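Required output: the full structure, derived from the provided sequences and hints.
What follows is the residue order along each chain.
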Amino acid sequence: MRLGFFVNDVAAELTAYTTTRLAQTATNRGDEVWYFSAADFIYGADGIIYAQGTAAPKEKYKTPEAYLRDLQGKDAVKKRVTVDDFDVLMLRSDPSTDTGSRVWAQTAGITFARVAKRRGVIVVNDPDGLLKAMNKMYFQHFPEEVRPRTLISRNRDDIKAFVTEMGGNAVIKPLSGSGGAGVFMAKVDDRSNINQMIDTLIREGYLIAQEYLPAAAEGDTRLFMMNGKPLRYKGKYAAFRRLRLGDDLRSNIHAGGKKARAIITDSHLRLAEIVRPKLVQDGMFLVGLDIVGDKLMEINVFSPGGLGSAQQFERVNFNEAVIKALERKVAYMGHYHRNFANEEMAML
Amino acid sequence: MRIGFFINDIETEKAGFTTLRLAMTAVNRGHEVWIINAGDLAYDADEKIRARARSTARKKYKTTSTYLKELKSGRAKSERITVDDLDILMLRNDPAEDVGNRAWAKTAGIIFGNVALRSGVIVLNDPTALAGALDKMYMQLLPQHIRPQTLISCDRREIKAFIQELGGIAVLKGFQGSSSQAVFLVNAENRANLNQMIDAIVNYGYVIAQEYLPGAERGSVRMFLVNGEPLRHKGKVAAFQWVRTGDGMRSNIHLPGSTEQVQLTAAHYHIAEAIRPRLVQDGMFLAGLEIVDDKLIDIDVFSPDGLVTAQAFEKVNFSEAVIEALERKVDYMSFYRRRFDNVDMATL
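Protein sequence lines, in the order shown, are assigned to chains D and Z.
In my numbering, each residue carries its 1-based index in the first sequence increased by 1185.
In my numbering, each residue carries its 1-based index in the second sequence increased by 771.
In short, the hints are calculated from the structure, not lab data.
Remember, predicted model here, so these are calculated numbers, not experimental data.
Ideal Cβ placement from N, Cα and C applies to all residues, glycine included.
Please note that a few of the clues may not be correct.
To be verified - Derived, one-sided and incomplete: chain D residues facing chain Z with beta-carbon distance under 7 Å: (1) I1227; (2) A1230; (3) G1232; (4) L1316; (5) G1390.
Said to hold, decoys possible - Here are the simulated EDC-like cross-link-like pairs (lysine to aspartate or glutamate), alpha carbons at most 16 Å apart as the crow flies: (6) K1345(D) / D815(Z); (7) K1421(D) / E1505(D); (8) K819(Z) / E1329(D).
Dropping the structure here:
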């Protein structure tokens, strides 16, 4: 199959990224793999979507290091390709890293992919689904019972009243963006700081205040969902635990944390079952759930990372499972002559 | 009915704005009208959307200036209302105005509106569709024969080749749509500055290069669509001609220039007819078209302005027609006990 990966910037990709492993795996399986950076798309005068693509020159790579070195090296193939002719376009950029003068890049993949999907390219995750998930309100559309209690406001008094109601502490973060940026632990006792923290964030927009779950002190579990179900391959779940380091509230990988093997329990699987209908409705092919106790803390639909960590603990190659799932979609799409609703194909 | 108008900020609202005319008309027809600033919404811990909103005390207003003065004054009611209990929420903010550190405000109405509609509030235009119309790619999803030839790219060579193809004359503008951004007319006289013009736009993201339409010399026609059809009231259609003055490229109503009455032609009605299916599919209740010759050069689905100007030339109260259309929706919605798909309701 012809597979495109849309990323923030090809030159900034790292070996440890899940995207790199997926691309290497697909290449080794004989697929034609291209990378696109945020500025590489072209909407041609003929109404067709093109892109300046980058590809690694060789047909097999032993390690993700070798693959990425070639992709970013001087022998990389650079060519103007027709995106509309691709079988699959995987949107794997992390919009939260495109800030300041690069804000335009946050939606570039979604915008061009919304056109490409009308031409029969399978786009995962579905770009219209991703558009809805550009801010953290998306999370509030999942059933109440799986979420911590939440308030979203730009009013300092509302927020402080909520923190008090939550027993004096709560997690505070900005409504836009994902990842660990701008996440605070607010304690009402800490009067001098809470005003300052809230004011700092309010200047940037709306703010989420969330019930603090004591179980978060031990870290969280990342569970991958594929086609709306827990990603299971050769009897193993694609999951791992992230342990909290000291007092740092942010347990996500970018914020630095230790990882361990995860034991997937019935309560994890029940959560996965509850989020399934919404993920299916929105065409969310590959998703990372962050679970604390019996609650979901976050759903990462843009560029969930850590498939390599899951592989390391479970000793099965989950990347292969993902690429095989895409190959199956391409076969389906072939039977239907590239005429099938993308949000449904994304989950088949 | 109970209706909320979501705007950028009451402090920047002007008496001539269409939003104020609509709000005043609704007040005069006996409705409960609330004005909501972009930063005054909240998602409360009980999962309801509330807002600090303003409403006027009097029952009748003759002019929008008195209405606006009253709204801003201490006599106005300022209350925390439950948005979920409103019949209608009109999203009337202009995202192009919210730049820099107010960028968060662009999508606030869309984000909270998407939650409010779950409680049966009719949200117009449909927030999901608005999210997809934040950049100018929305135009490219409309039929090709009614649009000027267009290329969208960050690549200087692509842009230059396209301008060459167009015979050396083209319009260049930014893709994200900010009112303060430059619009350039490239021609034989300023070709030497082409690189600088491209750079000035590319620093903020993608560039749109577009065929220059000779009729743009004269200005453009503004035509309003309601429920996917030309807004017609007492035999008149809401439209007017915007006349260009001087060298300014933008025939944008907020910029100086003059207006005059327009005689709509078959070409104008054809454009309205050609885009109707898309507007209905997306739930775009109120849209403002900008037409030059037989092409649509822009469509404003956020906060189309100029209804008052159309009223002045056609001597009928189009605002009344818009409010009547909303009253009808509220009736429909009550027949169906506030359970009806928002996208469908938007153009009924």
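Now for the hints, and whether the structure bears them out:
1. I1227: Holds, about 4 Å.
2. A1230: 5 Å, holds
3. G1232: At about 6 Å, which falls below the 7 Å cut-off, the nearest Cβ of chain Z leaves the hint on G1232(D) intact, so it holds.
4. L1316: Status holds, d = 5 Å.
5. G1390: Holds. Min distance 3 Å.
6. K1345(D) / D815(Z): 13 Å, holds
7. K1421(D) / E1505(D): 13 Å, holds
8. K819(Z) / E1329(D): 12 Å, holds
When held up to the earlier numbered hints, the structure conflicts with none and fits them all.
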